[in-house]
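As they're listed, the protein sequences go chains A and B. full-length UniProt numbering numbers the first residue of the first sequence as 1 and each following residue consecutively. full-length UniProt numbering numbers the first residue of the second sequence as 1 and each following residue consecutively.
Hints are computed from structural coordinates only; laboratory data are not their basis. Quick caveat: nothing in here was measured; it's all calculated off a predicted structure. Some hints could be false.
Short, incomplete list of chain A residues facing chain B, as computed with Cβ under 8 Å [stated by the list, open to error]: (1) R388; (2) D392; (3) D477; (4) I483.
Just so you know, even glycine gets a beta-carbon here, dropped at the ideal spot from N, CA and C.
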Amino acid sequence: MNCDQASSEIDCGEAGSAADGGGERGGGGRGRGSSGDPLRGVGEQNTSKIVSSKPVPSWMNSSLWSTSGRGGGGGGGGADSVKEVAKDTSAAAAAGVGAGAGAGAGAGANQHPKNDRSTAERANEYIPRVSFGRRSSEKENNERWSEVITSAPRHVSPPQRHTDPPPRGRLMSPRSQSLPTSMLFSGPGLFQRLRWADDNQLPRKTMQQKGGVTARVGGEEDLWEKVMKRGDGHEEGMDHHDSAALSPSSAATMEAQEEVQQQIQPRKQISASLSHGARVSQFQAELRKERVNIAEVRRLASQGIPDGGSLRAVVWKSSENFCGHAQSEAAREREEAAAAAEKDLDGTLDRQDITHQDHPLNMVSNSIWNQYFQDAELAEQIDRDVKRTHPDMHFFNSGDEQAEENQAAMKRALFIFAKLNPGVRYVQGMNEVLAPLLYVFKTDPDESNAAHAEEDAFFCFVELLSNFRDNFCQQLDNSSVGIRSTISRLSMLLRRHDEELWRHLDHTNKASYL
Amino acid sequence: MSRKRTLLKVIILGDSGVGKTSLMNQYVNKKFSNQYKATIGADFLTKEVQVDDKLVTMQIWDTAGQERFQSLGVAFYRGADCCVLVYDVNVNKTFDSLDNWRDEFLIQASPSDPENFPFVVLGNKVDVDMGHSRVVSEKKAKAWCASKGNIPYFETSAKEDLNVDNAFQCIAKNALKNETEEEIYLPDLVDVNGQRPQKSSACEC
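Same shape as in the complex, but just chain B:
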């Protein structure tokens, strides 16, 4: 195959306020701000990454955390190469929601091989109160990840830039792995400059 897809689509999911936007911005722009607004709908940033001697572009989709937006996410979820699940180690509920986020993603994105679709879990905000306010233990989180097919797990702090690069490196790697496995489906899909069938409405959202 001559045409290699080098764009990786990564979706960040998780409850509202767990730090999805902060993580993305820390990774892409190396910046942290206390002044982020709530994300409405979705937003994305791209970053070039080197993965095993291969240069790829990561397109990172940051989504709204409110449940209301879940059902509207189909358009964003589709075609994802990796899904990042984020929770706040200081809030139990955000961890409990991971199940729901994962299930919802699998339903809406309907990847070809749901069993092996690459997820990565990030426990964010480990810096808060020097870790004294944390309520979800690393052990508990790892147990959950293990039960879902050995999902890689990272403890991060977007604020302190702790583990963020590592996590995204892993994300890129897994996304790329997934992408190559799916490459066989590409020929049907690549039709950028050619004639598009005239659909009455191209927007599916």
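Chain A on its own, in the form it takes in the complex:
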């Protein structure tokens, strides 16, 4: 299966099929170690020495970098920092792949040949268990879990111990290596989200919300049928209202998009005239259900999400099939390990990493110098655009410390994404997709959620873009999945549904011949 195609419109389906793709590409997508412990990679990475002799731009100093082996010298200087970051990324990746491969050969070996298993089974392993609500005790969780299991649709079994972690880290353009993003993060946010598959534990506490019980994402029978139907390559989504509704192209535009979708294919009516309070309770009722039906949540969201509270953040996160934060023992351990890993770095670069043939004018693509200059350019581009992101908003551009930190968070997320997706890199406009995510998550009244806004925003950003990354990829511009054909499909759709408008736009495009 083409890994690209595997990004099924249904998230849980995607998980299964994505793993599939990863497997077929020689396990590239699975380089996370069978235990799914991201720190394993990080630990190994520590042995490679990273230099930082010049000033590091302050925005590069971040929790996002820290596990990936941020070179020491936090105070010190800029030029090498980019290279350092680049190295970090690849080193971490290499270490991750190493760890993954090792584990794959060892413990993982008997798990990987799963190709004979049904997509649904595989998908099931990757269904995150989300708990919206008060922190549940382990016992309560177990009880609920057994309920979930007993009420689970057929073909579904509880996740097995030591299954692969979810392909969360698999972003990536088709050409990119599948780098385990998990390697890059120390913050508990992502780690915890990566937990669910590997340790077979039951839902821990996640997003806090008023009342509510343990919920499980995407357990509905009809959803399962779709997963099974589409697990191996989804249909083209344009005229399929479900798939469109399930794959918002951007959190910011999700609501608008779904609204359009709704008009094209009217579905069950949602009364837009409901009061704010009534709408909030609609959402809460849905989110409180034992098994949250993401499709239903998205349907509700198609009319907009009422302001106030954590609702928008919770809905967005759940729409991206995302588990919340668990303050578990293991997470704390990992944090400690990450901190220790950071301490171990002595901030020097092995001389052998730069060969004597390499020099600043080297144009060869694998030249460290060349890479460094390219990264510097990338960082510059991102910097320029982040400064221009919502310049009218206090949150991003007030000039105070908080706004600067928010900008820095944006830059880190975009830079890391670009490094992890060499086929896509950074494309102007990505900042506009990321910004609302960061804003909504960071302004979440629940402080324990807001504290992880950066990681969460990055995670959701990656998920969002994975749905339409082909459009960003220059090499695919003229292919059937590239931006040109997407636009011409849009044009065709528009023509079908509103010929007058289509004619007007078409006309405007050729305005020079008026």
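With the hints as your guide, set chain B onto chain A.
Using the frame of chain A, we list chain B on its own:
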């Protein structure tokens, strides 16, 4: 010919952040803001201008500066009457890119007479730091323009509204000149109200 085309299509090209949007807005709306967002894809504004007793409408296309968008620009480039190349006098790289922007434009727009297609070069942001941070000298820029067939050159500041009107006046003039020269091709192209051939996909982008 009874039907005169009075719409001039002008494309502004240049690296990201050199001030293309600012220049356009300063010219059309007489406003400058520090709060522009990065341009994604393309955008255009129109302005009526008087050129030698003739009233024309200038349709000014502002484009995204990132290289990624270059290959997607064909639709915007096509039919242009003048191409404005902008660089930042304080950043060497943006000047070095002019060559690339010019070549790319000629390839993608494929004007009928590439040798004489009207370009105008603007060195923007001359106000920054009272000119102390500038790295591309006027002389160097003019030399480049001369080597490319005497391209008119202006030093501008969108922020201070320096030379912006002059530059666009020149742009309009050159565009109009180009337009009249191309007028002979018009009869084939004007078909606004008539039957369009039904193409399967009209959008070429």
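Results of checking the hints against the structure:
1. R388: Holds - the Cβ of A:R388 comes within 8 Å of chain B, reaching about 5 Å at its closest.
2. D392: Hint on A:D392: holds, closest Cβ of chain B at ~6 Å, below 8 Å.
3. D477: 6 Å, holds
4. I483: 7 Å, holds
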